[in-house]
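Asks: Top line first, the protein sequences correspond to chains Y and F.
With my numbering, letter number 202 in the first sequence gets 202, and the count goes up by one each step, no holes.
With my numbering, letter number 108 in the second sequence gets 108, and the count goes up by one each step, no holes.
Hints were generated in silico from the structure; no laboratory data involved.
None of these values were measured; they are calculated from a predicted model.
Take these hints with a grain of salt, some might be off.
For chains that are exact copies, the list does not tell them apart, and a pair is met inside one copy or across any two.
[Stated by the list, open to error] Capping the alpha-carbon separation at 25 Å, the derived lysine to any residue pairs in SDA-like fashion look like this:
no., residue 1, residue 2
1, K103, D91
2, K153, G106
3, K103, N180
4, K45, N180
Each chain is listed here by its residues.
2 protein chains.
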Amino acid sequence: MDLKAYLAQRREMIDRALEEALPEEHGLAQMLDRAMRYSLFAGGKRLRPILCLAGAETVGGSPEAAMPAAVALEMIHTYSLIHDDLPFMDDDDLRRGRATSHKVFGEALAILAGDGLLTEGLGQLARAGLKGLVPPDRALAALDVIARAAGKKGMIAGQVVDMESEGREVDETVVRFIHNHKSGALIAASVTSGAILGGGGESQIEAINYYGRSIGLAFQITDDILDIEGDPELMGKETGGDEDRCKATYPGVAGRDRSWEVAQEMVAEGRAALSVFGREADSLREIASYFLTRRK
Amino acid sequence: MDLKAYLAQRREMIDRALEEALPEEHGLAQMLDRAMRYSLFAGGKRLRPILCLAGAETVGGSPEAAMPAAVALEMIHTYSLIHDDLPFMDDDDLRRGRATSHKVFGEALAILAGDGLLTEGLGQLARAGLKGLVPPDRALAALDVIARAAGKKGMIAGQVVDMESEGREVDETVVRFIHNHKSGALIAASVTSGAILGGGGESQIEAINYYGRSIGLAFQITDDILDIEGDPELMGKETGGDEDRCKATYPGVAGRDRSWEVAQEMVAEGRAALSVFGREADSLREIASYFLTRRK
Numbered sequence: 001m002d003l004k005a006y007l008a009q010r011r012e013m014i015d016r017a018l019e020e021a022l023p024e025e026h027g028l029a030q031m032l033d034r035a036m037r038y039s040l041f042a043g044g045k046r047l048r049p050i051l052c053l054a055g056a057e058t059v060g061g062s063p064e065a066a067m068p069a070a071v072a073l074e075m076i077h078t079y080s081l082i083h084d085d086l087p088f089m090d091d092d093d094l095r096r097g098r099a100t101s102h103k104v105f106g107e108a109l110a111i112l113a114g115d116g117l118l119t120e121g122l123g124q125l126a127r128a129g130l131k132g133l134v135p136p137d138r139a140l141a142a143l144d145v146i147a148r149a150a151g152k153k154g155m156i157a158g159q160v161v162d163m164e165s166e167g168r169e170v171d172e173t174v175v176r177f178i179h180n181h182k183s184g185a186l187i188a189a190s191v192t193s194g195a196i197l198g199g200g201g202e203s204q205i206e207a208i209n210y211y212g213r214s215i216g217l218a219f220q221i222t223d224d225i226l227d228i229e230g231d232p233e234l235m236g237k238e239t240g241g242d243e244d245r246c247k248a249t250y251p252g253v254a255g256r257d258r259s260w261e262v263a264q265e266m267v268a269e270g271r272a273a274l275s276v277f278g279r280e281a282d283s284l285r286e287i288a289s290y291f292l293t294r295r296k
Numbered sequence: 001m002d003l004k005a006y007l008a009q010r011r012e013m014i015d016r017a018l019e020e021a022l023p024e025e026h027g028l029a030q031m032l033d034r035a036m037r038y039s040l041f042a043g044g045k046r047l048r049p050i051l052c053l054a055g056a057e058t059v060g061g062s063p064e065a066a067m068p069a070a071v072a073l074e075m076i077h078t079y080s081l082i083h084d085d086l087p088f089m090d091d092d093d094l095r096r097g098r099a100t101s102h103k104v105f106g107e108a109l110a111i112l113a114g115d116g117l118l119t120e121g122l123g124q125l126a127r128a129g130l131k132g133l134v135p136p137d138r139a140l141a142a143l144d145v146i147a148r149a150a151g152k153k154g155m156i157a158g159q160v161v162d163m164e165s166e167g168r169e170v171d172e173t174v175v176r177f178i179h180n181h182k183s184g185a186l187i188a189a190s191v192t193s194g195a196i197l198g199g200g201g202e203s204q205i206e207a208i209n210y211y212g213r214s215i216g217l218a219f220q221i222t223d224d225i226l227d228i229e230g231d232p233e234l235m236g237k238e239t240g241g242d243e244d245r246c247k248a249t250y251p252g253v254a255g256r257d258r259s260w261e262v263a264q265e266m267v268a269e270g271r272a273a274l275s276v277f278g279r280e281a282d283s284l285r286e287i288a289s290y291f292l293t294r295r296k
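Pulled out of the complex, with its shape left as it was, chain Y reads as follows (with noise of 0.2 Å):
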């Protein structure tokens, strides 16, 4: 398959939905709904939404059935990272090239934006199994497995710890916990809702979420490793700025050698969880292999 034309037609598709979802407004609170917006259209990769689609149509499910919950993901993906670009947290000024939220509306709104996108993401969802668009078990379903993977278990835990953790000495199980949960938990929630949408069955959601957690790990470790070795041009961002910032990473930990073997063996493993499917998971395949070769 042409991973990259997949990738661009699926980010289409799903940017045509998010655009649906979050609307402009006008009216006395227009402010919020654009930076909202301003974050959710800053040029993501759309990485989350994508493997929530790609989730569905591994277990036969169509891609819009998983829609609802793509666009979920999205929101809370762009909501986490408004929060955690703010000054006491991991004070970032620039994302995928543009300025921070709160360095264009302020610390007021950039929060309340993020606070907005995490409440439209998870109601939206609801309101998609409310109308019947997704059957209202499945939606759910997928609410709960989001909201967990959102939740004080795991993205928020893990940014708690990643922020403990700046400039103290951490070993790698601390590091593994921050990846699971501050990012691997809503990729693995990403095709896992997208499985439970699709309409899999318990063994084939319980191997696309094994293999969600596996390559959500895979994916933070390149990402560090992308901070050392990365185009900052290419990224959008500066690299370096987590040995700048004294933050717990794989490299730092283990380093450089010993983080790309655990990558490799983390995108070995997910793939191999996909042995129970046939032609019709190419797409998780490729994904999977492609953050080994990704340079942004």
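Based on the hints, put chain F in the right spot on chain Y.
Replies: Chain F only, in chain Y's frame:
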């Protein structure tokens, strides 16, 4: 009915459910749980969950049927207080007689604790539907109502316009917008989601929603009046804060007498909307009247 005893009994019931929903945790991210619990168990009045359970009873449901929504509402209300108290928002050091979250845990953890409460609130309501503790379609309908009220066209819009109005000349229309959105929307969603989970019919839910919107405005107007005339000791916070910060308030734009008139009118309208119900709506009636006599 003995309203004081009723409220105390309900508070206790709700506190037990909240304790179950957010137990103490140990682990790498335990500071997050501590921050979430610090604000959730800070002696709140539990007004929104009480209204939610009363909404269920009014349509003939059991209060237990509405508990997952009640828990979600209190978590979401608490998250909004944490974020609103932040320095670049309303900048409050004291809430319910205790130091606010960012004063104790720092800005970063306060923001994340808020994020966690919002995610957990909506997530556990979805989970209740998934497990069949409440019927799936009702869980989705309650999620929809609550997410709308909490989101970009509800509470968050109210906070945005409230902040933008500080120090500016605004009129009664703008203050009404702020009050109806910042606090009214979630109060209305409280009784409405309760009526939904209690199994109310469409016209019953409509009547209860009208009641909620009316008393939501009344509550916020009396809040403004209490900020001028209330007893700081009873309220657990300094009074006069609205004026110090040049906040848009009802007495500020319409005068004390007109404000009082509107509050009374709103309570009367709210009670009138309940005329389709018999004695089973007495708790909602009493709560509405209590807004006019409350001292904190």
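Asks: Now, for every hint given, state plainly whether the structure supports it.
Replies: For each hint, the structure was consulted:
no.	hint	verdict
1	K103 - D91	both (10 Å within a copy, 20 Å between copies)
2	K153 - G106	between (29 Å within a copy, 20 Å between copies)
3	K103 - N180	neither (29 Å within a copy, 30 Å between copies)
4	K45 - N180	within (20 Å within a copy, 38 Å between copies)
Going through the hint list in order, the structure does not satisfy hint 3, though it satisfies all others.
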